[in-house]
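J.: Take these sequences, add in the hints, and give me the full structure.
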Amino acid sequence: MAEEVLVFGAWGSPFSRRVEMALKLKGIEYKFIEEDLTNKSPSLLKYNPVHKKIPVLVHNGKPVAESLVILEYIDETWKDHPILPKDPYERANARFWAKFIDEKCLSAIFKACWGACWGEEKEHEKAEIEHEKAVKEVSELLQFLENELKEKRYFGGETVGLLDIAANTIGYWLGVFEEASGVELLTREKFPKLCNWANEFVCVTAIKENLPPRDKLIAYFRNRFGAGNASK
Amino acid sequence: MAEESVKLLGYWGSPFALRVKWALKLKGIQYHYVEEDLPNKSPMLLQYNPVYKKIPVLVHDDKPLAESLVILEYIDEEWKQNPLLPIDPYERAKARFWAKFADDKCVPPVMAAFSKKGEEQERAAKEARENLKTLESGLEGKRFFGGETIGFVDIAAGWIGCWARMTGEIIGINLIDAETMPLLDAWFQDFLEVPFIKECMPPQDKLLEHNKEFHKILTAAST
Numbered sequence: 001m002a003e004e005v006l007v008f009g010a011w012g013s014p015f016s017r018r019v020e021m022a023l024k025l026k027g028i029e030y031k032f033i034e035e036d037l038t039n040k041s042p043s044l045l046k047y048n049p050v051h052k053k054i055p056v057l058v059h060n061g062k063p064v065a066e067s068l069v070i071l072e073y074i075d076e077t078w079k080d081h082p083i084l085p086k087d088p089y090e091r092a093n094a095r096f097w098a099k100f101i102d103e104k105c106l107s108a109i110f111k112a113c114w115g116a117c118w119g120e121e122k123e124h125e126k127a128e129i130e131h132e133k134a135v136k137e138v139s140e141l142l143q144f145l146e147n148e149l150k151e152k153r154y155f156g157g158e159t160v161g162l163l164d165i166a167a168n169t170i171g172y173w174l175g176v177f178e179e180a181s182g183v184e185l186l187t188r189e190k191f192p193k194l195c196n197w198a199n200e201f202v203c204v205t206a207i208k209e210n211l212p213p214r215d216k217l218i219a220y221f222r223n224r225f226g227a228g229n230a231s232k
Numbered sequence: 001m002a003e004e005s006v007k008l009l010g011y012w013g014s015p016f017a018l019r020v021k022w023a024l025k026l027k028g029i030q031y032h033y034v035e036e037d038l039p040n041k042s043p044m045l046l047q048y049n050p051v052y053k054k055i056p057v058l059v060h061d062d063k064p065l066a067e068s069l070v071i072l073e074y075i076d077e078e079w080k081q082n083p084l085l086p087i088d089p090y091e092r093a094k095a096r097f098w099a100k101f102a103d104d105k106c107v108p109p110v111m112a113a114f115s116k117k118g119e120e121q122e123r124a125a126k127e128a129r130e131n132l133k134t135l136e137s138g139l140e141g142k143r144f145f146g147g148e149t150i151g152f153v154d155i156a157a158g159w160i161g162c163w164a165r166m167t168g169e170i171i172g173i174n175l176i177d178a179e180t181m182p183l184l185d186a187w188f189q190d191f192l193e194v195p196f197i198k199e200c201m202p203p204q205d206k207l208l209e210h211n212k213e214f215h216k217i218l219t220a221a222s223t
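Heads up: the protein sequence lines correspond to chains V and P, in order. Just so you know, the first sequence maps onto residues 1 to 232 in this note's numbering. Just so you know, the second sequence maps onto residues 1 to 223 in this note's numbering.
Derived by calculation from the structure, the hints in this document are not laboratory data. Among the hints, a few may not be true.
Simulated crosslink set (DSSO-like; lysine-lysine; CA at most 30 Å straight-line) [to be verified]:
id : chain 1 : residue 1 : chain 2 : residue 2
1  : P       : Lys212    : P       : Lys80
2  : P       : Lys53     : V       : Lys190
3  : V       : Lys52     : V       : Lys190
4  : V       : Lys133    : V       : Lys104
5  : V       : Lys79     : P       : Lys27
6  : P       : Lys116    : V       : Lys133
7  : V       : Lys31     : V       : Lys208
8  : P       : Lys41     : V       : Lys104
9  : P       : Lys116    : V       : Lys150
10 : P       : Lys100    : V       : Lys53
11 : V       : Lys133    : V       : Lys40
12 : V       : Lys52     : P       : Lys80
13 : V       : Lys52     : P       : Lys100
14 : P       : Lys142    : P       : Lys100
15 : P       : Lys7      : V       : Lys86
T.: Okay, here's the thing in structure tokens:
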């Protein structure tokens, strides 16, 4: 059966990488289209007129946008190597935590790494307090994930699942943000399970093959957001 | 089938709890409802939802679930009668997309229009109208998002029709424009007239009073 699968994405985006990771895990062939986000293609705008963003999956001409929606579509369309468990409660749990990562963790991490870098001396104290608050918030959020992992190898259990893929931002991009900004967030002493998980996660073939080069990514974020919030 | 214990922690004026009530009603699920006093949250709520400390929380056989859209999907997968989501994966993806769009892009500007003043309020109202117009495109000319009958997106977003109108009344700015979004307007009307939907709605006069009070507090707080 002739099948056409396109993925519109960007090399450094954890969101489009999620889609590629899921397709790779399931052994689905696809064509990747690198978008220049400063100059979006007519195709992207046609396939995602609502948000005009990547990633977009186009399956036999039908577009799906929003990475978590795409992951569920992929799991329902290609049944081999399921990324969601069968039990409805376990599925709901995975969805809850994936949503948590996207809605709470990312913005908090960004704020801790790059939020409010006031240059003026009189603002310095205020910036310090804001920074400490942001770091504390990330710590609390990561603690939830640390607890959720329990004794499992992956969030999905014995194999990588939807939540592991959604947590790629924590498993790889967080380390990049830390190095680019100089802010330490995911420490081994506070989050041993999460650190172990991150190490295992990036070793899985389908994941490893879809991680953008670390140095290139660090340079990109340093360039885009500056040197970061690390106290000198 | 053994009697299952289903508990819903909610708040009478919350549209997010209302979504869950609608889904349970549609599927004929009996449940025990617990009304939370939001300024004074119960230890039970904090135990069941330590992450957000919010309602609604659905508890099924002592297993808690939070986040209303996640709860809707759970209800749909646990109880198969009167399905909320369609069978086809592409249609399901579209439904999830629009439910997310309503929550991420329609609800926040409506709430901002409700709580802000002056230029900020005008901007929020403009954004709300634009995004509601975009939501209309998701209807694809159908009567309901679910087709001839109510589905996932209807239950997820239908309440906006009532709340946006109420907000518009309170702030004096029309958010749902029957002229520029006739299909959306018709959908809201049709949806809110469906008997079981109407039955579960909180009393409108009580809700209006409650929201008026809430508006006073919010706008007194914002400078």
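J.: Between lysine 116 of chain P and lysine 133 of chain V, does the CA-CA distance stay at or below 30 Å?
T.: holds (26 Å)
J.: Do the alpha carbons of lysine 41 of chain P and lysine 104 of chain V lie within 30 Å of each other, as the hint requires?
T.: Answer holds: lysine 41 of chain P to lysine 104 of chain V is near 22 Å, not above 30 Å.
J.: Holds or violated: lysine 142 of chain P with lysine 100 of chain P, Cα cutoff 30 Å?
T.: holds (19 Å)
J.: Assess, step by step, whether the Cα of lysine 100 of chain P is no farther than 30 Å from the Cα of lysine 53 of chain V, and give holds or violated.
T.: Holds, at about 15 Å.
J.: Assess, step by step, whether the Cα of lysine 53 of chain P is no farther than 30 Å from the Cα of lysine 190 of chain V, and give holds or violated.
T.: Holds, at about 24 Å.
J.: Given the hinted pair lysine 31 of chain V and lysine 208 of chain V, is their Cα-Cα distance within 30 Å?
T.: holds (18 Å)
J.: Is it true that the CA of lysine 52 of chain V sits at most 30 Å from the CA of lysine 190 of chain V?
T.: The hint is violated at about 39 Å.
J.: Regarding the pair lysine 133 of chain V and lysine 104 of chain V, is the alpha-carbon distance no greater than 30 Å?
T.: Given that 30 Å is the threshold and the Cα spacing comes to 15 Å, the pair holds.
J.: Holds or violated: lysine 52 of chain V and lysine 80 of chain P, Cα atoms, limit 30 Å.
T.: Judged against 30 Å, a Cα distance of about 35 Å means the pair is violated.
J.: Would the pair lysine 79 of chain V and lysine 27 of chain P pass a check requiring their Cα atoms to be no farther apart than 30 Å?
T.: holds (27 Å)
J.: Given the proposed pairing of lysine 52 of chain V with lysine 100 of chain P, does the C-alpha separation stay at or below 30 Å?
T.: Roughly 15 Å separates the two Cα atoms, so the pair holds.
J.: Lysine 212 of chain P and lysine 80 of chain P were given as a pair; does the straight-line alpha-carbon distance stay at or below 30 Å?
T.: Not OK: lysine 212 of chain P and lysine 80 of chain P at ~39 Å, beyond 30 Å, violated.
Checked against the numbered hints above, the structure breaks hints 1, 3, 9, 11 and 12 and satisfies the rest.
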